[in-house]
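Peer 1: Chain order of the listed sequences is W and F.
For the first sequence, my numbering assigns the number 1 to the initial residue and increments by one for each residue that follows.
For the second sequence, my numbering assigns the number 267 to the initial residue and increments by one for each residue that follows.
Note that these hints are calculated values from the structure, not bench results.
Among the hints, a few may not be true.
Stated by the list, open to error - Between beta-carbon pairs, the in silico distance windows are: (1) F:V544 - W:G139: 40 to 48 Å; (2) W:A56 - F:G320: 52 to 60 Å; (3) F:L559 - W:T195: 51 to 59 Å.
What the hints assert, rightly or not - Stretches of chain F that chain W covers, calculated by requiring three or more beta carbons in the stretch to come under 8 Å of a beta carbon on chain W: (4) 425 to 437; (5) 446 to 458; (6) 545 to 559.
Ideal placement from N, C-alpha and C gives every residue a C-beta, glycine not left out.
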Amino acid sequence: MSASLLSLHAVSKNFGGLAVISDVSFDVPQGSRTALIGPNGAGKTTIFNLISGVFAPSEGEIRLEGQTIDALPSRSRIGLGIARSFQNIRLMPHLSVVENVMLGQQSRAGNLAGMLTPLSLFGRSKYRREAEDLLESMGLSTYPGEVVATLPYGIRKKIEVVRALVAKPKILLLDEPAAGLNNTETANLRDFLMTISQSGVTLLVVEHDMSLVRSLCDHAVVLNFGRKIYDGSTRTVQEDPAVLEAYLGTRQAEKTRNQAEADHVA
Amino acid sequence: MSGYWAGILSILAINVIFAYGIFLPVATGQLNLGGAGFQALGAYSAAYLSAMYGLPVPVTVGVGMVVAGVVGFLIAFPILRTRGVYLVLATFAFAEVVAGTILNSDTLGGAMGMSVPAFIDWEVPVIVAVCVTLFVFYLMSTRFGLTMRATHDDEVVTDLMGVNIRMVQVSAFAIGGALAGLAGGLYAHAFSFVEIQSFNALISIYVLLYVLLGGTQTAWGPLAGAAFFTLLPEFLRSFLPTVKSALAALVGIEGPVGPPDDSWRFVILGALTIAMMVFRPEGLITRTMIERLRFRRSTAGKEVTA
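Please model the complete structure; the sequences and the hints are all you need to start from.
Peer 2: Structural data, given as C-alpha cells:
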C-alpha cells in the first residue's frame, strides 16, 4: 500500500459525557478511494468534522502528510489541501452556480489584492473564467449564472463537489454524495468521481450505497458506535463477521454466516 | 430649483448613502438597527468641527465619516458576538447610548442642538451619493462582496472555504458605519442644524426598512428602497388632494372632504410596508430578477448576431 496522505492516530471525541468517537486510528493512502462506512450514528460525519476542523478532537491527533493539523483553524485547512462536501447540500442558495464555485478559490485568492479585485465588473476575471471552465469540463456549463436554489438536486450535489475541487485539494471528503440520487444519477456520479480520482485527488467517501462503495472505492474503514471495526479491502468487507453483526444484528449475522457456510459445503 | 425640491433631493441623496451604510452589514447577515447612532456620530462630528473651528466642509464630513467608521470597527468586536434578535437589540442599544451621551453633553449643545455655519446645496449630497453607489456596486462585485454574501447564507461553510468570516463581518459593519456617518455629516451641512431628536429610533427603523424592502441581495435594493420610501410620502402629499377631489367630484360631493387628508400618507406607507412583507418578503429587487434581465439581454444579443 502506498504512503498515507491523511492519518488519524487514536482519535476520540466526546460531547459532554457522550463518547461519539473512541480511539479511532486509520490511514487514507495517497491516491486511494477510501470509503468510510457504518450504521447511522456510527460517527462518520463527526470524523469529517474533526478532519475539516469544525470540532477539535478530545484526544488523539490528525496528520496530513505527516504534519499534525489539530492546532490549525478550520479556515486554514482547505489551503493545505483538505476540501469537503456535506451530507445535506450546503451551497449558498442566493449565489449563482459560478459564484459558489468561485468561493472555492478563496484559499488561493483570499489576500487583500484578491479580495478587492472585481470578479465580473469589467468583463470576466481570470477567476470567473477558471470557474466557468471547470464547470464546463465537468459537464455543468448549462446554467453558470443561475441562482443555485432553483436547480435540481443531482446538479446541486455535483456543483458542491466542483466547489470543493476548485480549491485544488489533495484529499476530497465526500459526505454521502449519492444520497437522494436515482440509479442513473448515481452511475453518473461514480464516473464523475472516478475522473476526479484519476486526476490525482485522494477520495474519502462516506456512503450508504454499498454497490457504489464496491464499484468506486478500493479501501474501506467501517465504524460502529464510534469504534473502528474493519479496515481493509472493499472486496472482503461484506464477509467480515464484525461488520455483518454491526449491520444486521448478532442473530441475523449468524444466520447469514450459517447460510454462507451451508452454501460453501454445498 | 425650488427650495422644496432641493430639500427633497438632498434628503434622497442622504437616505441613499445611509441605506448603503446599513445594507453592507445586512448583506453580510447582520441586522443593524443602530443606524441613527452612526448617523448622529457623523453629524455631530461635522457640526462641532464646523461650528468651533470653522473647518471646510470636506474636512468636517470626512472626519465625521472616519469617527463613525472607527467606532463601528471598535464596537463590531463585542457586538458581532451576538446573533439574531440579540444583535438587533445590541445595535439598537448602541444608538441609544450615542443619543444619551450627546443629549447630556453641554459641548454638543445637549437638547438644544447645534447650528452648523457652513451650508451645502443639494448638488453636494447628490454627487456624493452617486460616488457611494458606484463604490458599493464595485465592492459587491469583488471577492470581498462574494464572501459577504456567502457569510450571509452559511457561516460554517464559508469558514471551511477558507474565508476569515470575522474579518468580513467586522469590515462590512465598519464600512457601513462610516457610510452612515458620511450621511450624517452631509445632513448636518445640508440642513444647517443638528439636534439629537432627529436621530431617533424611528430613523434607524426606517433606514432598515429601506434596505429590507428594497432587497438585500443586490446593490440595487437599497437604492430602490431609499428612493421609493423617500419619494412616496412626498408623492402622496402632492397627489392625494388631487385624487380625493377628483373622486369627490365623481360621486358628487361638494365642499371639503374628510379624511384621508394629507397626514394619512404615513398610514398608506405603513399599509404598503405590510403588503410588501406579505407578498414579497425578499424585497423589491432580487438576484433572480437581475439575472433574468441579464439573461434576456444576452439571449437577445445572441439572436441578433446569429
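Peer 1: So, for every hint listed, does it hold in this structure?
Peer 2: Quick rundown of the hints versus the structure:
1. F:V544 - W:G139: 40 to 48 Å: Since V544 of chain F and G139 of chain W have Cβ atoms about 41 Å apart, the given range 40 to 48 Å holds.
2. W:A56 - F:G320: 52 to 60 Å: 58 Å, holds
3. F:L559 - W:T195: 51 to 59 Å: Violated: the Cβ-Cβ distance is about 36 Å, outside 51 to 59 Å.
4. 425 to 437: Check passed, 7 qualifying residues.
5. 446 to 458: Since three or more residues must qualify, the claim that chain W covers the region 446 to 458 of chain F is violated, with 0 doing so at under 8 Å.
6. 545 to 559: holds (count 3)
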